[in-house]
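All chains should be built: construct the whole structure from the sequences, respecting the hints.
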Amino acid sequence: MNWKKTIRISFVLFLLTIQSLFLIAILLEHQQTAFIPIFIIFISIALTISYLKAPLHHEEHTYEHIFVALWIPIGALCSYYINNILQLGPVMAAGIVGTTASFLPSLNKRSHYLKQLPPAFYCGAFIGMSSTKVASSMLFVLAASIFTGMLMILSKSLFSGLGGKLGVLAFAGVTITSLIFFLIF
Amino acid sequence: MYILILFIVSFIAATGTFYLNEHLKQGPIRSSAVLSLIVATFFFLFPQLLSPYLTTNIPLVFIGSSFIGMVSTRLISNYFLIGAAGLIFCIVYLNTSSFFHGYGGALGTSAAISLLAVLSLPILKASGKFTNGFHLLRKMVFNRKLRK
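Line order of the protein sequences matches chains A and B. Mind the numbering: the first sequence is residues 1 to 185 in the working numbering, read in order. Mind the numbering: the second sequence is residues 1001 to 1148 in the working numbering, read in order.
Accuracy of the hints is not assured; some may be wrong.
Claimed, not checked - Only part of the chain B face toward chain A is listed, based on derived beta-carbon distances under 7 Å:
#1 1047
#2 1071
#3 1106
#4 1116
Source of the hints: derived by calculation from the structure; they are not laboratory data. C-beta atoms are modelled at their ideal positions from N, C-alpha and C, and glycine is treated no differently.
Here it is, written out as structure tokens:
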């Protein structure tokens, strides 16, 4: 099997696992009512159909440039600072970082590089939305940003145009970091 | 009543972001971030206007649902389906496991799950499985009525 295809399939399976864990956690917590388990089962079936049939990925597998992914930690630290140090809240933090980043391409409209930066900043902003109970330090935010950056590099041609893709990448980065910090500290 | 308000907010956030993104050509990031910033600033400046539950949850539901509106027209362009994804998001958000509270990206994950769930509808409709299923269900119900 082509190694690019292997990376592609592994990555899609990894994100499916992350989303499945999210749904399983809901299912386990709401077993006393009938509606939520039925709802989760329907959602899971629909999710599987979309993963198998929807045109979510580009044919050719490409990678995001490392110099684009490098801006994820900046977005994450700015958002974390606004959220937890300035105490303005997670939505305000992501909103400020995202709005500011969305105007970066206006600095030089010919620059292809600047056009690629807003998604990286906004993805980082989602990491910074974490509460201090989860992200206890700047070190955690940096570590989560590095994992998210790696995932972003791998996923350029996957789930393209899907709303929530950046959030899933950030969530995967935060979850991996939480697990590592839990095992180490 | 509070739940109904959150459902309305999620529907408006998803469709509003999509409108700003695709029709006003503001791009996905600006559409989501600007609208969320406006809503968050409003509730930051007027925290006493609504109940503490709504003041806390409306900005979170709004930004989460706005991620759905960031979708490309290549995947979906029907406002009704985008709004439906927003409603699914609201159900997922209201029942999110307490284990993942405070995790950055959890709202985006809920949005992606909701959107992917809705994206299966055109596939099912095109393959005929959806309509066949309804046809069989209708046949089953009517046959039972006739037997009675």
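How the hints compare with the structure:
no.	hint	in the structure
1	1047	violated, 11 Å
2	1071	holds, 4 Å
3	1106	holds, 6 Å
4	1116	holds, 4 Å
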